[in-house]
Amino acid sequence: DQQVKQNSPSLSVQEGRISILNCDYTNSMFDYFLWYKKYPAEGPTFLISISSIKDKNEDGRFTVFLNKSAKHLSLHIVPSQPGDSAVYFCAASGSSGAGSYQLTFGKGTKLSVIP
Amino acid sequence: GAVVSQHPSWVICKSGTSVKIECRSLDFQATTMFWYRQFPKQSLMLMATSNEGSKATYEQGVEKDKFLINHASLTLSTLTVTSAHPEDSSFYICSASRDRETQYFGPGTRLLVL
Numbered sequence: 005d006q007q008v009k010q011n012s013p014s015l016s017v018q019e020g021r022i023s024i025l026n027c028d029y030t031n032s033m034f035d036y037f038l039w040y041k042k043y044p045a046e047g048p049t050f051l052i053s054i055s056s057i058k059d060k061n062e063d064g065r066f067t068v069f070l071n072k073s074a075k076h077l078s079l080h081i082v083p084s085q086p087g088d089s090a091v092y093f094c095a096a097s098g099s100s101g102a103g104s105y106q107l108t109f110g111k112g113t114k115l116s117v118i119p
Numbered sequence: 323g324a325v326v327s328q329h330p331s332w333v334i335c336k337s338g339t340s341v342k343i344e345c346r347s348l349d350f351q352a353t354t355m356f357w358y359r360q361f362p363k364q365s366l367m368l369m370a371t372s373n374e375g376s377k378a379t380y381e382q383g384v385e386k387d388k389f390l391i392n393h394a395s396l397t398l399s400t401l402t403v404t405s406a407h408p409e410d411s412s413f414y415i416c417s418a419s420r421d422r423e424t425q426y427f428g429p430g431t432r433l434l435v436l
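Line order of the protein sequences matches chains A and B. Counting with the numbering used here, you get residues 5 to 119 for the letters of the first sequence. Counting with the numbering used here, you get residues 323 to 436 for the letters of the second sequence.
Hints are not guaranteed to be accurate.
Stretches of chain A that chain B covers, calculated by requiring three or more beta carbons in the stretch to come under 8 Å of a beta carbon on chain B [what the hints assert, rightly or not]:
#	segment
1	45 to 52
2	107 to 114
With a Cα cut of at most 35 Å, we get these calculated DSBU-like pairs of lysine-lysine [to be verified]:
#	chain 1	residue 1	chain 2	residue 2
3	A	Lys42	A	Lys75
4	B	Lys342	A	Lys114
5	A	Lys60	B	Lys386
6	B	Lys336	A	Lys72
7	A	Lys114	A	Lys9
8	A	Lys58	A	Lys42
9	A	Lys111	A	Lys60
10	B	Lys386	A	Lys9
11	B	Lys342	A	Lys42
12	B	Lys336	A	Lys60
13	A	Lys60	B	Lys388
14	B	Lys377	A	Lys111
15	A	Lys75	B	Lys386
16	A	Lys114	A	Lys72
Pairwise CB distance ranges (calculated) [said to hold, decoys possible]:
#	chain 1	residue 1	chain 2	residue 2	range
17	A	Ser32	B	Lys386	43 to 51 Å
18	B	Leu436	A	Asn71	46 to 54 Å
19	B	Trp332	A	Ser14	20 to 28 Å
20	A	Asn71	B	Ser405	41 to 49 Å
21	A	Asp63	B	Asp421	14 to 22 Å
22	A	Asp63	B	Val325	35 to 43 Å
23	B	Lys336	A	Asp63	45 to 53 Å
24	A	Leu15	B	Ala324	37 to 45 Å
25	A	Glu46	B	Ser340	23 to 31 Å
26	B	Lys377	A	Ile22	28 to 36 Å
27	A	Asn31	B	Phe361	21 to 29 Å
28	A	Ser32	B	Leu436	33 to 41 Å
If you're looking for bench data, these hints aren't it; they were derived computationally from the structure. Where is the CB? At the ideal position from N, CA and C, for every residue including glycine.
Next comes chain A alone, as it looks inside the complex (with noise of 0.2 Å):
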């Protein structure tokens, strides 16, 4: 049972435009969101992460939103850049002590943005 889901695998957009990234999880457990950025071949880039307490954190082009009722959260790059081009993960941790440290990881939005 996947417990993070990206339900898209592919998102192609223009640049300059925004990119959403979505990704939903069905473990109440979870309080903790990652995403990360991969590279083939290489191990993934920690972008921006948020807390269960709040439903939305910003840095620079990156944003994320967390819809805690929903179990859903989201990823906006704006505006985006070629560079940007890259497999985004969705990943979520939960507050189960020993456990509390392992990440969850969607299957991946490959994003690609045309210049």
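Mind docking chain B on chain A? Use the hints.
Chain B alone, transformed into the frame defined by chain A:
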């Protein structure tokens, strides 16, 4: 930001041999290190969690006798794939964490077993 290195970055080996992959946190002490495996076009799958000085906790379906993890210090963890077979060919990625906020990932190791 924090830097995590992995060595080697890629390895080709014959079936039946063992391969050791090192993961180091270069500029911080990692309370916990994680090992992931990624198949082509698939998500990162957590294999095991290790804390310095204690036995690793393996995820369901991961053979602990095949994937040996040693977390010898706060800056080094090793994954040894024992008696490797072609189906073990994959991209292995480690991460290191000093708190629950963020995991810092290594660049990954591509393993090809012939």
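Okay, the hints, checked on the actual structure:
1. Counting residues of the segment 45 to 52 of chain A whose CB lies closer than 8 Å to any CB of chain B gives 6, so the stated coverage by that chain holds, three being the minimum.
2. A stretch counts as covered by a chain when three or more of its residues have a beta carbon under 8 Å from one of that chain; for the segment 107 to 114 of chain A and chain B the count is 6, and the coverage holds.
3. The suggested pairing of Lys42 of chain A with Lys75 of chain A holds, with an alpha-carbon distance near 24 Å, which does not exceed 35 Å.
4. Simply put, Lys342 of chain B and Lys114 of chain A have alpha-carbon atoms about 31 Å apart, close enough for the 35 Å limit, and the pair holds.
5. Between Lys60 of chain A and Lys386 of chain B the CA atoms are separated by roughly 40 Å; this puts the pair beyond 35 Å, and the hint is violated.
6. Taken as a hint, the Lys336 of chain B and Lys72 of chain A pair is broken in the structure, with Cα atoms around 49 Å apart against an allowance of 35 Å.
7. Proposed proximity of Lys114 of chain A and Lys9 of chain A is supported: the alpha carbons are some 14 Å apart, at most 35 Å.
8. Between Lys58 of chain A and Lys42 of chain A, the direct Cα distance comes to roughly 25 Å. Compliance with the 35 Å bound is thereby established for this hinted pair.
9. Annotation: proposed proximity of Lys111 of chain A to Lys60 of chain A holds, straight-line Cα distance about 23 Å (limit 35 Å).
10. Proposed proximity of Lys386 of chain B and Lys9 of chain A is supported: the alpha carbons are some 28 Å apart, at most 35 Å.
11. In summary, the hint linking Lys342 of chain B to Lys42 of chain A is supported, as the alpha carbons are separated by about 24 Å, within the 35 Å threshold.
12. For a cut-off of 35 Å, the pair hint linking Lys336 of chain B to Lys60 of chain A is broken: about 50 Å separates their Cα positions.
13. Simply put, Lys60 of chain A and Lys388 of chain B have alpha-carbon atoms about 43 Å apart, too far for the 35 Å limit, and the pair is violated.
14. A C-alpha spacing of about 29 Å is found between Lys377 of chain B and Lys111 of chain A, which places the hinted pair at or below 35 Å, so the restraint holds.
15. About 34 Å separates the Cα atoms of Lys75 of chain A and Lys386 of chain B, which keeps this hinted pair within 35 Å; it holds.
16. As the CA atoms of Lys114 of chain A and Lys72 of chain A are separated by approximately 25 Å, the hinted pair is consistent with the 35 Å bound.
17. Remark: the range hint 43 to 51 Å for Ser32 of chain A to Lys386 of chain B is contradicted by a beta-carbon distance near 30 Å.
18. For the pair Leu436 of chain B and Asn71 of chain A, the beta carbons lie near 48 Å from each other, so the given range of 46 to 54 Å is met.
19. Between Trp332 of chain B and Ser14 of chain A the Cβ separation comes to about 27 Å, which falls inside the hinted range of 20 to 28 Å.
20. About 47 Å separates the C-beta atoms of Asn71 of chain A and Ser405 of chain B, a value consistent with the hinted range of 41 to 49 Å.
21. The hint said 14 to 22 Å for the Cβ distance between Asp63 of chain A and Asp421 of chain B, and at roughly 18 Å that hint holds.
22. Separation of Asp63 of chain A from Val325 of chain B is about 20 Å and departs from the stated range, judged on CB atoms against 35 to 43 Å.
23. The hint said 45 to 53 Å for the Cβ distance between Lys336 of chain B and Asp63 of chain A, and at roughly 46 Å that hint holds.
24. Separated by about 29 Å at the C-beta atoms, Leu15 of chain A and Ala324 of chain B break the suggested range of 37 to 45 Å.
25. About 25 Å separates the C-beta atoms of Glu46 of chain A and Ser340 of chain B, a value consistent with the hinted range of 23 to 31 Å.
26. One distance hint, 28 to 36 Å for the beta-carbon pair Lys377 of chain B and Ile22 of chain A, is violated here, with the actual separation near 47 Å.
27. Roughly 23 Å separates the CB atoms of Asn31 of chain A and Phe361 of chain B, a value that falls within the hinted 21 to 29 Å.
28. Against the hinted window of 33 to 41 Å, the Cβ-Cβ separation of Ser32 of chain A and Leu436 of chain B comes to about 46 Å, which falls outside the hint.
The structure shown violates the earlier hints numbered 5, 6, 12, 13, 17, 22, 24, 26, 28.
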